[in-house]
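Participant: Listed here are the chains, written in short residue letters.
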Amino acid sequence: MAAKRESSGIPEYDLRLYVAGQTPRSVQAFANLTKICEEHLAGRYHIQVIDLLEHPQLAKGDQILAIPTLVRTLPEPIRKIIGDLSNKERVLVGLDMRATV
Amino acid sequence: MAYFSKMHTKQKRISSQQPERTLPKCPTGITGFDEITLGGLPRGRPSLICGGAGCGKTLFGIEFLARGAQDFGEPGVCISFEETSDDLAQNAISLGFDLKALERANKLVVDYIHIDKSEIAETGEYDLEGLFIRIGSAIDSIGAKRVLLDTPEALFGGLNDEGVLRSELRRLFRWLKDKGVTAVITGEKGEGTLTRHGIEEYVSDCVVLLDHRLQSGVVTRRMRVLKYRGSMHGTNEYPFLIGQKGISVLPVTSLGLNHKISDERISSGISGLDEMLEGRGFYRGSSILVSGTAGTGKTSMAAHLVDATCARGEACLYFSFEESPDQILRNMRSIGIDLARWIKKGLLHIHSTRPTTHGLELHLVDMHNLLESHKPKVVVVDPLSSLMSGAGENTSDLTNMVLRVIDRLKQLGTTGFFTSLTSGGHAAEATELNISSLVDTWLLLRDLESDGERNRVLYVLKSRGMAHSNQLREFLMTKNGVELREAYLGPAGVLTGSARLAQELRERDDESRVKRESEDRRLALGRKLRAAEAQILALEAEKEAAELELKTAEIENARRRDSALAQRAEMAQSRKVNSSLTVSRPKTREAGA
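Sequences listed follow chains A and B, in order. For the first sequence, position 31 (counting from the first letter as 1) is numbered 121 according to the numbering used here, and the numbering increases by one without interruption. For the second sequence, position 581 (counting from the first letter as 1) is numbered 583 according to the numbering used here, and the numbering increases by one without interruption.
Only chain A is shown next, with the shape it has when bound in the complex:
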């Protein structure tokens, strides 16, 4: 859906947001995520939104149960954050981004 990429030797954040249809909670989560990324990772991130209603088979790969789930596939290790990402502090902790701030 949306992708922003910039590479200048800085670790690239590869994020996947799993949603199930355009529910208010999913929309909210996406909005929260882009806001946080823009604030803290401007130009160093890539967000892929996966709608499980369209691709239910993709849920298996990342062990998705809760919706919405944000998966950080890069940098390693894999981190998962579930919820609508309304608590910015916890999202940053969850994504292990405090150190880079």
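Rather than coming from a laboratory, the hints here were simulated on the basis of the structure. Treat each hint with caution, since some may be false.
Claimed, not checked - List time: in silico DMTMM-like cross-link candidates among lysine to aspartate or glutamate, alpha-carbon distance up to 25 Å:
| no. | chain 1 | residue 1 | chain 2 | residue 2 |
| --- | --- | --- | --- | --- |
| 1 | A | K150 | B | D100 |
| 2 | B | K179 | B | D142 |
| 3 | B | K181 | A | D141 |
| 4 | B | K102 | B | D73 |
| 5 | A | K150 | B | D163 |
| 6 | A | K150 | B | E127 |
| 7 | A | K178 | A | D152 |
| 8 | B | K262 | B | E374 |
| 9 | B | K262 | B | E316 |
| 10 | A | K150 | B | E85 |
| 11 | A | K150 | B | E105 |
| 12 | A | K178 | A | E166 |
| 13 | A | K150 | B | E124 |
| 14 | A | K125 | B | E127 |
| 15 | A | K150 | B | D180 |
| 16 | B | K229 | B | E239 |
| 17 | A | K178 | A | D141 |
| 18 | A | K125 | B | E121 |
| 19 | B | K191 | B | E239 |
| 20 | A | K150 | B | E121 |
| 21 | B | K119 | A | D152 |
| 22 | B | K119 | A | D141 |
| 23 | B | K545 | B | E535 |
| 24 | B | K119 | A | E166 |
| 25 | B | K191 | B | D113 |
| 26 | A | K125 | B | E124 |
| 27 | A | K150 | B | D113 |
| 28 | A | K178 | B | E164 |
| 29 | B | K377 | B | E266 |
| 30 | A | K150 | B | D142 |
| 31 | A | K178 | B | E124 |
As the list claims (entries may be wrong) - Rough simulated footprint, nothing fancy, chain A against chain B, three-plus residues with beta-carbon under 8 Å:
| no. | region |
| --- | --- |
| 32 | 125-133 |
| 33 | 136-148 |
Claimed, not checked - Simulated restraints on C-beta separations:
| no. | chain 1 | residue 1 | chain 2 | residue 2 | range |
| --- | --- | --- | --- | --- | --- |
| 34 | B | G54 | A | P114 | 40 to 46 Å |
| 35 | B | G145 | A | Q112 | 25 to 31 Å |
| 36 | B | S206 | A | P114 | 29 to 35 Å |
| 37 | A | E166 | B | E203 | 40 to 46 Å |
| 38 | B | D163 | A | E166 | 25 to 31 Å |
| 39 | A | D152 | B | D163 | 15 to 21 Å |
| 40 | A | P165 | B | R215 | 49 to 55 Å |
The beta carbon of each residue, even a glycine, is placed where N, CA and C say it ideally should be.
Start from chain A and add chain B according to the hints.
Facilitator: This is chain B only, laid out in the frame that chain A set:
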């Protein structure tokens, strides 16, 4: 497997006959379970299977899915929260289910849902739509009719928000119901609750409790249908087994007493015993109990039956809990029964185990499996009583087990021969197992002690459906096997052994004496008769002599008279008396007188 498939066709018939007014049911294919639930789990509804660790919950679910896929044409989805699909497949193989093959055949989908708290952070609101989607896509991919969730409670370990989880689980179960799939949900037993997190609240249609109990060092598994909304069900606690062919529940009380019976008779292998049983032996398919104290010849009787059965070309299964096969063969050879040849021919299988090697449950599994694989016509359990040590103090368990064995044998139309050791102190008529009422024919072997020796006697305590002998017979072990002799019953009571021989000798003596005496008497009488006859002859001779004498006397008389007359006439003549002789004669006589 033939047995199972028979079961299944039967169940299929039952389930299809289920009228619409009752709850539609989904046969599990688990032996016995469909009987106690009168058809299986509620179709299209979730059921909860709960119990402690290692009680067989997962297995129950796996068997439900695998049998559904194999035998009922109902594909299944397994959502595992605890074991990976490889682990599950591995575990299922040991029970004879090839999950991988079912997966390849598109009859089964196994999805392992892993949740690791350490890599998950929670922020803000969420729901478990992802889980729903995964289950939903798995169901839709193969058109599944059955779902296993094993166990969704693992979610409580991975996610923090219990409120969300609870409402989502409730939604999940309702959603499964709406999807019309028959679901099995497992749950681990918690403190004071059926499941650790109380999910039984949400699954309210059918709850089955599995249990795993240690008694006197032996584990027995039990199953109870706690709740079955809208349906009758067996309410008892049923022992169940986990064997090489999955779970089998053996519901004693729900088994109907409607075995097919046979009028055919089979020989006991001992002609004397056959004689006592109307001369024709046991009924085929009946259960026979031989009880007796140690060394009364129970095993020998069993060997005779085995020998006779194999000689007819029928298969025989021998469970020995005291002797090894070789020992049995050697001992029976000593009384002239060669069982080894039947083993070679493949007709006889001797299965020797120590009763203490495992619990009753596993013994029962063993028996069931061997019954399946060998399909014997006669089964010997020797001795039943030694299983006591496996049962510990809980003899009711053993009685129960024996009942199950007998029931199974009757279902299969197999003749069962059980021996039971009675310890000396007990009344002979009381078996320690209290199973005497279950058996059809009960033979009692006893020791009679007298004159410094012990002798064996046998009698038929009961034998259903035949006019059996009420005789007490002496039981002899000879080089040519067991022989039954009529025991001597006299005024002094029962005589056996040398006392019987002595008595027989005495009787023979008596007999010859009587014979001699009567001969003597006959001779004496003959002599007497002959003497009397001689006397008769002598007397007759005397009589003849007397008659002769009499005749001579008469002749003499006549002659004398004539001569007297002649003299008188001469005298008259001489006196010149002129008178006629005839007229004067009387006068003369008067004058003379």
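Participant: All hints are to be evaluated individually against the structure, with a verdict given for each.
Facilitator: We went through each hint and held it up to the structure:
no., hint, result
1, A:K150 x B:D100, "holds, 23 Å"
2, B:K179 x B:D142, "holds, 15 Å"
3, B:K181 x A:D141, "holds, 22 Å"
4, B:K102 x B:D73, "holds, 16 Å"
5, A:K150 x B:D163, "holds, 22 Å"
6, A:K150 x B:E127, "holds, 22 Å"
7, A:K178 x A:D152, "holds, 23 Å"
8, B:K262 x B:E374, "holds, 19 Å"
9, B:K262 x B:E316, "holds, 19 Å"
10, A:K150 x B:E85, "holds, 15 Å"
11, A:K150 x B:E105, "holds, 16 Å"
12, A:K178 x A:E166, "holds, 21 Å"
13, A:K150 x B:E124, "holds, 20 Å"
14, A:K125 x B:E127, "holds, 18 Å"
15, A:K150 x B:D180, "holds, 23 Å"
16, B:K229 x B:E239, "holds, 13 Å"
17, A:K178 x A:D141, "holds, 23 Å"
18, A:K125 x B:E121, "holds, 23 Å"
19, B:K191 x B:E239, "holds, 17 Å"
20, A:K150 x B:E121, "holds, 16 Å"
21, B:K119 x A:D152, "holds, 14 Å"
22, B:K119 x A:D141, "holds, 23 Å"
23, B:K545 x B:E535, "holds, 15 Å"
24, B:K119 x A:E166, "holds, 17 Å"
25, B:K191 x B:D113, "holds, 24 Å"
26, A:K125 x B:E124, "holds, 18 Å"
27, A:K150 x B:D113, "holds, 8 Å"
28, A:K178 x B:E164, "holds, 22 Å"
29, B:K377 x B:E266, "holds, 18 Å"
30, A:K150 x B:D142, "holds, 15 Å"
31, A:K178 x B:E124, "holds, 11 Å"
32, 125-133, "holds (count 9)"
33, 136-148, "holds (count 3)"
34, B:G54 x A:P114: 40 to 46 Å, "holds, 43 Å"
35, B:G145 x A:Q112: 25 to 31 Å, "holds, 29 Å"
36, B:S206 x A:P114: 29 to 35 Å, "holds, 32 Å"
37, A:E166 x B:E203: 40 to 46 Å, "holds, 41 Å"
38, B:D163 x A:E166: 25 to 31 Å, "holds, 27 Å"
39, A:D152 x B:D163: 15 to 21 Å, "holds, 20 Å"
40, A:P165 x B:R215: 49 to 55 Å, "holds, 52 Å"
The structure meets every hint from the earlier list without exception.
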